[in-house]
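Go by the hints and put chain A onto chain V.
Each protein sequence line maps, in turn, to chains V and A.
In terms of my numbering, the first sequence is residues 82 to 415.
In terms of my numbering, the second sequence is residues 82 to 415.
Please note that a few of the clues may not be correct.
Same chains, same label: a pair holds when it works inside one copy or across any pair of copies.
Taking lysine-lysine pairs in the DSS-like style, the calculated list, with each CA pair at most 30 Å apart, reads [stated by the list, open to error]:
(1) K174 <-> K261
(2) K88 <-> K328
(3) K261 <-> K328
(4) K353 <-> K328
(5) K353 <-> K261
These aren't lab readings, by the way, just hints derived from the structure by calculation.
Protein chains: 2
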Amino acid sequence: MKLASLKHGRDGQLVVVSNDLTRYTAVASVAATMQAALDDWANARPALEAVARELQAGGGESFDQATCASPLPRAYQWADGSAYVNHVELVRKARGAELPDSFWTDPLMYQGGSDSFIGPRDNIAMADEAWGIDFEAEVTVVTDDVPMGVSAADAVAHIQLIMLVNDVSLRGLIPGELAKGFGFFQSKPSSAFSPVAITPDELGDRWKNAKVHLPLLSSLNDKAFGKPEAGVDMTFDFGQLIAHAAKSRPLCAGTIIGSGTVSNLLDGDPGKAIGDGGVGYSCIAEIRTIETILDGKARTPFMQFGDRIRIEMFDTDGASIFGAIDQVVEKYPG
Amino acid sequence: MKLASLKHGRDGQLVVVSNDLTRYTAVASVAATMQAALDDWANARPALEAVARELQAGGGESFDQATCASPLPRAYQWADGSAYVNHVELVRKARGAELPDSFWTDPLMYQGGSDSFIGPRDNIAMADEAWGIDFEAEVTVVTDDVPMGVSAADAVAHIQLIMLVNDVSLRGLIPGELAKGFGFFQSKPSSAFSPVAITPDELGDRWKNAKVHLPLLSSLNDKAFGKPEAGVDMTFDFGQLIAHAAKSRPLCAGTIIGSGTVSNLLDGDPGKAIGDGGVGYSCIAEIRTIETILDGKARTPFMQFGDRIRIEMFDTDGASIFGAIDQVVEKYPG
Chain V
82 MKLASLKHGR
92 DGQLVVVSND
102 LTRYTAVASV
112 AATMQAALDD
122 WANARPALEA
132 VARELQAGGG
142 ESFDQATCAS
152 PLPRAYQWAD
162 GSAYVNHVEL
172 VRKARGAELP
182 DSFWTDPLMY
192 QGGSDSFIGP
202 RDNIAMADEA
212 WGIDFEAEVT
222 VVTDDVPMGV
232 SAADAVAHIQ
242 LIMLVNDVSL
252 RGLIPGELAK
262 GFGFFQSKPS
272 SAFSPVAITP
282 DELGDRWKNA
292 KVHLPLLSSL
302 NDKAFGKPEA
312 GVDMTFDFGQ
322 LIAHAAKSRP
332 LCAGTIIGSG
342 TVSNLLDGDP
352 GKAIGDGGVG
362 YSCIAEIRTI
372 ETILDGKART
382 PFMQFGDRIR
392 IEMFDTDGAS
402 IFGAIDQVVE
412 KYPG
Chain A
82 MKLASLKHGR
92 DGQLVVVSND
102 LTRYTAVASV
112 AATMQAALDD
122 WANARPALEA
132 VARELQAGGG
142 ESFDQATCAS
152 PLPRAYQWAD
162 GSAYVNHVEL
172 VRKARGAELP
182 DSFWTDPLMY
192 QGGSDSFIGP
202 RDNIAMADEA
212 WGIDFEAEVT
222 VVTDDVPMGV
232 SAADAVAHIQ
242 LIMLVNDVSL
252 RGLIPGELAK
262 GFGFFQSKPS
272 SAFSPVAITP
282 DELGDRWKNA
292 KVHLPLLSSL
302 NDKAFGKPEA
312 GVDMTFDFGQ
322 LIAHAAKSRP
332 LCAGTIIGSG
342 TVSNLLDGDP
352 GKAIGDGGVG
362 YSCIAEIRTI
372 ETILDGKART
382 PFMQFGDRIR
392 IEMFDTDGAS
402 IFGAIDQVVE
412 KYPG
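Chain V extracted, bound-state conformation (with noise of 0.2 Å):
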């Protein structure tokens, strides 16, 4: 099953989507909004499934991902991992930092801001390009109640929904925030998920072992940037990432969580750009990372006003699953 939230009012308008997005039908007699379909789960998954196969059978509305708020335009949790350790890695030792053995075991995960997330083609609206603005390609899930203490086993099982998402950092803000210590704030604004959220069972056997088995390809300015696949090199799977996130506290319907910048080692080789026969990168901080370790310095500039950045992820016939995330950087005015 396909689900989209069209924009309309603070929480949008749930919607089932065709498997081909092409059309959908609204809901508003199951649930208004994504929030309350998550947070009566139970009753309302087989009554959408029913609309999703009438649908399938033809008729519905002409869908337009343009008009699509992200699937939860507000949230009530955005729990953010970083399962590619290799990323991690990377970007550590840009800097001289070596990554403690523990990163390796215990998921690094931080809190982020989940009251205004923007839609999958809105603009990213910021005030000053010197704050270094930059994507993040990722795969997110979203559970149902998930029990304090849940362990990773049984926390697959709360997993209802996976959508991508745009993590949009600003490079230029973190290094000062993380040195106060109380992880990322001002550095992670606004993020954008994908138009479509789909159930797992959407992947068939591209969702083994709670990962998505993928790749996740991300454009910059129209010109290929990335395309590591999602299923390798992910340290923690979505059962990891979800118990380390209700080690101390139950988790709300609704609660997204995310795998982190998707990234491939790629056989020990720190990673060739996509341009170069590689799979390249999903985020900007990271091929500076490399250029920064093979040449001594950064090479690729952060985004710039006007900037496109398009995110995407495709099944193995080539059909676009969530539809995609496209937004241009543009200058706040306020």
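The following block gives chain A in isolation, referenced to the frame of chain V:
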């Protein structure tokens, strides 16, 4: 005006409470929940105030603080500052760390989990006493929609409600998490807010310069523990804290901004326990810090199963303003 959310479903039932906290009126015809009222505050506020005036004249149901959820049982954002820099300096001093000068000019703030608050009279259920269970007594404000890049001066007008909070903290988990560099997560379990949220005008001249000018009382196991003045030694006012949070993204209506643990410096004296004639402390970590500085080691233990913490604020006539947070720590059986 005073508001509360009676326990009911996921988001509680919004009620108007009499000034003396003895009676309430349900207001489903205005807004079913606190979040719904905040989402439409310009219309909801006058309608709720009309109910409040009627309630002050008499009538209503009997109000019992024990039936309350946190005013926002779950919220889209909980951003907690550390405005009492004195507290931060003391904690650092105890572990031999210097306080960077920037801490006096640039607010420290972390993104808290907001999806699973517990009620003001709910037990604090934790799996392990060894996690170092502590309370933190703080003042918080709730905003309406705040534009990105708001100034500290303009931010003050966005403060719609004031509450108290027990920002439960797991001291044993903090050093490990902060060492990883991404801030708190497991070390900050579910917070509990005061039974009642009030509009700033309820404080009269005790609300001044975007600070609350009254003592915040904490009792541990029915023994007075702290009574610092919330308006004293608050380096950053709530306008500055909101502006800090909104630097790179807008804040959604219903955003909760915390003051951080209330702490007074007392003319350069590192502070005295309340039994020694001082104003005491708003968390156990701070008295342990003082003990460490004075005696070389901490004597006061963190909370054990069965321990009770009560947090309350009284007006100049001795009446409870927000009702009391009153919680017992218990073993989580999961």
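Do the hints match the structure? See the list:
| no. | hint | result |
| --- | --- | --- |
| 1 | K174 <-> K261 | both (21 Å within a copy, 15 Å between copies) |
| 2 | K88 <-> K328 | between (35 Å within a copy, 25 Å between copies) |
| 3 | K261 <-> K328 | both (25 Å within a copy, 17 Å between copies) |
| 4 | K353 <-> K328 | neither (37 Å within a copy, 35 Å between copies) |
| 5 | K353 <-> K261 | between (33 Å within a copy, 28 Å between copies) |
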